[in-house]
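2 protein chains.
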Amino acid sequence: MLESVLVWIEKNKHSWLDDLKQWLSFPSISADPARHPDISAAADWAMYYLRGAGLESSLVPTARCPCVLATTPDGLCPADAPHVLLYGHYDVQPPEPLEKWISPPFSPTVREGKIFARGASDDKGQVFCHLAALTAWKQIAHEIPVRLTVLLEGEEEIGSVNLPGVIRSHADQLKNAHVVIISDSSQFAPGVPAITCGLRGLIYYLVNLQGTKEDLHSGVYGGAVANPANALAQMLGGLHDARGRVTIPGFYDDVLEVDPELRRQWAALPFDEAQFAESLGVEKLYGEYGYSALQRRWCRPTLDINGLTSGYQGPGAKTVLPCLASAKVSMRLVPNQDPQKIAIAFEEYLRQLKPPGIKLGLQQLGASPAALTPIDSPAVAAAAEAVREGFLADPVFVREGGSIPVVTWFKELLGLDSVLLGFGLPDDNLHAPNEKLDLDCFYNGIRTAAALYDLLAKRLK
Amino acid sequence: MLESVLVWIEKNKHSWLDDLKQWLSFPSISADPARHPDISAAADWAMYYLRGAGLESSLVPTARCPCVLATTPDGLCPADAPHVLLYGHYDVQPPEPLEKWISPPFSPTVREGKIFARGASDDKGQVFCHLAALTAWKQIAHEIPVRLTVLLEGEEEIGSVNLPGVIRSHADQLKNAHVVIISDSSQFAPGVPAITCGLRGLIYYLVNLQGTKEDLHSGVYGGAVANPANALAQMLGGLHDARGRVTIPGFYDDVLEVDPELRRQWAALPFDEAQFAESLGVEKLYGEYGYSALQRRWCRPTLDINGLTSGYQGPGAKTVLPCLASAKVSMRLVPNQDPQKIAIAFEEYLRQLKPPGIKLGLQQLGASPAALTPIDSPAVAAAAEAVREGFLADPVFVREGGSIPVVTWFKELLGLDSVLLGFGLPDDNLHAPNEKLDLDCFYNGIRTAAALYDLLAKRLK
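Listed in order, the protein sequences are those of chains V and B.
Under my numbering, the residues of the first sequence are numbered 635 to 1095, in order.
Under my numbering, the residues of the second sequence are numbered 635 to 1095, in order.
Think of the hints as simulated: they come from the structure by calculation, not from any bench.
Because identical chains share one entry, a pair is satisfied inside a single copy or across any pair of copies.
No more than 30 Å apart at the CA atoms, straight line, and that leaves these computed lysine-lysine pairs for DSSO-like:
1) 952 x 847
2) 993 x 952
3) 1045 x 1092
4) 988 x 952
5) 952 x 1045
6) 1095 x 809
7) 975 x 952
Using the sequences provided together with the hints, build the complete structure.
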C-alpha cells in the first residue's frame, strides 16, 4: 500500500507545492501582536487541511496564539494501531531586515529548485511534509496506518509559553502515545539525512557576590576589603583546568562514554573543524582535551559563563571598588547526569572557592536533564528506515547540543521520548533573510513521512 | 612675631566665623551650569578677600569656572623668602538630598560647636583657615613670611578638567615654588592631626576579549569554541594567589618596605579593623596576607577589577555563548614602582594566560606614579611643627590610598611635591547631607596656617 501512496505523492508534486505556498503566505509572526489575525488564519488553514486528511481537528485557544489539535477518528486507523504524537509549529520568526530578501518573505517564490519564504523550513515546510503524507494515505488507502494526534503550536518562536498548559490540560489524550515525532531540525549535510536522538540538558544559575554595602573608591579602600569582582573571577576562573575540563568534584562521575560505533560514525561525517572555526570567526576551536568538536557539542558536558556584570561598564576609567558582582553560569548536561546532583556539587564547590569577606547568593534559573532516545528503539529504527525510503540514503544518528524545551516537556509532563527527524538543510537561513527549503528535501520529506507512519505501525506493534 | 599674630587670631574668632559664613552662603555648585553666577560670586569673594590680605589677586577665566590666582607683591614678603604654592578649591558638591539637611546647606548654622553648610569642610572651610592666617599676618606684621602664590579652582568636584591648562599657562610663575600646600583632606581622628605625605599611583586598563564573531547559542556551540567570559574569569582569576598577592611576575620587585618606625606609628593609631569592617558592611576585611588593613591601603600595591561586562545581564536565563567579554582593571602603585614597567609586565602576563581561540585587546586608560614627600623634608618638618603649634598635638604621617589628580599634575607639570595638611575630621559628611566643620578644628586650622608660613620661611631657606 505504501508503494501506491508514494506513487500518488509523486504524481501530485505540483499541488503539494501550491498548498504549501498558500500556508506560507500567512505572515504568522507570533512576536507581533498586530499579526494576530494572520496567526488565526494560519492556524485555521492547518485545521482545515487536517480535516481534509480525515482527522478530527480543532483549535485549542490559549492566552495568545491557539494550538491546532487533531486526532484520527475511529475508523481512520486500524483499531489496534499504535498511537503516535506529531508536534510542530505554524508560527514564524519576524522577517526583518526586509531589504535583504530577494523575494518578499510572504510571497513564496521558487528559484533554482528551492522555495523561498519565511517559514519554508522553520517549520511550516517541514510540518507540511507530514500533512501531505497524511492526505496521501487518506486518499489512497482510506486510512492512516497509526493512531495519530497532531499538535501544532503558534508560539514556538516566542518561547512556547502556553504550550505546557495545553499539554497538561490534554495529558489524558496525549500521554498514551508511544513516541513523539518532531520535524523541526535539519539534515546533517546535503545527502546526509539525520535523526537526532539525544539532546543535552541544562542547569542554569545566577551567581551573586556581595562585598561591602556600597561601592567604594578603589584608591582609598583597595586592598583593605575583598572585591567581589576579583572574587568572581577567581571563583569562576577556577571551574576549568588547563585541559578544559570542569573541576567541580564529581562533575564527570555519571557521564557515559559514547558507543564506539557511534563515535566512528560521527568521525566519518563531513565536518571540517578548520572550516567550522573559520565560519565562527575564530582562529581555532577550543574545548575539553581529547574530544572532537562534534563530541564536545553532542555528548560532553560543559560549563559556560553566559553573562558577567560588575562595577563600572561605561566608557573611560572609573576607580570604583564594586560592592556587587554577578554572573549567569550554565552547565550543559549529558544523558545519565542528574541536574540536581550537579547543582549540589556546583553550589558546594563555589562555597569552597569563595574568599572571606564576600557573601555568596545562588539562584537556580532552570534545570532539565539530557534527553536520549535509544538508537535501537523501535521508533528510531522506523524513522531510519523511513529516511532510507524517502531520501534514498542512510541517516546518521546525531545529537543536539542544546535542550529543546518541547522535548523536555513531553518527557517531563507525559513521559514521552521524541524522535527528531529533520527534512531541511543547515543552510536554510532559519531566522534570517531568504529562508528556503530545497524542493528535493521537500518531496523527500513527504515520502519519508508517508513511509514513517507505515513503519511506525509495524515497529511499534 | 608669630605670637602676636596668634593672639590677634584668637581675638578675632567671631569675625573669622562671620567671614566664613559669608563665603559658605554662595551655592557654588560646579556641577550645575545654572549656578554659574554663584560660582562667579564665590570666586570674586575669595579674590577680594585675598586683596584684603595684601595679595595681588585676579580671576583666570577657563571654559567653565574661573580660577582665583593671587601672589604676594614685592614688599609684602621678605625679598629672599622661599616661594610656596597654596592650592584649594571654592566649588562644592551638589547638596541633594535636601530633605536630609537639618539646616539649609547654604545658610551656614552653628550647632554644638560645629558649623554646618555645604563646603564647610570640603573645601571652603579649610581654604579659609589659610585666608584668615594671611589676613592676620598682613594686619599684625605688615608682611607675609613667604613668597606665596594662591591658586583656587572652581572645578575640583567635577574633575578639574580645566586645571591642567591653567597650570600649564602659568607654569613660569608657579614652577619655581618650593612646595605645594593643600588643605583638602582630614585629620586621622579627633585629637590625631595628620600630614599626608604619600599617595598611591595608578595604572588603569580596559581588557577586551573576543571569541567568535557573534554571540552563539550556548547549547548548540558550548564546548566547541573558547568562551571569552570563561577566559576572562580564568585570566583575571589567575592574577592573585591564595594569600591575596598579585601574581604578575615582577609586580613587587620595586616595592619599598616602609620604614619600621612609621609602621610602628601606624600600628599605634586609633584604628579598629573590626569596627572598620562593620562600617563597610562586611564580616571581615580581606587582602594581602601579612599586612594590616592600613598598610594595605597606604603602602601596598593592589590589583582590582573595577568593572566586568559580558553576555546577557538582564533578568532570567539566556543561553548565550558571548562573543565578547571585557573588564576594567586597575592597579594601585606605591612609591618606586614604575607604572610603565608594571604595565608591560601586566600585558605580557595576560598574553601568557590567554587560552587559544581568543583575541586579546588591551587599552591603557590612565597611568600615574605614586607620590611621596619625604617625612624628613623641610616642608614636612615645617608642617609638623605648625600642627603642634596649632593643634597642640603631634601629627601622624599618613598616606592616602588613592591618587589625587592635582598632586599628580603639580608633580608632572611643575616637578613640585605636595604636603597635604587636613584640618577637618573623618566624620565631616563630605559629599553628604549635613556637611560640617568643628569650630575647634577651624580655629586650630587658622593657627596652624599662621604658624606654617612662619615655619616654612625658616625651614625652606
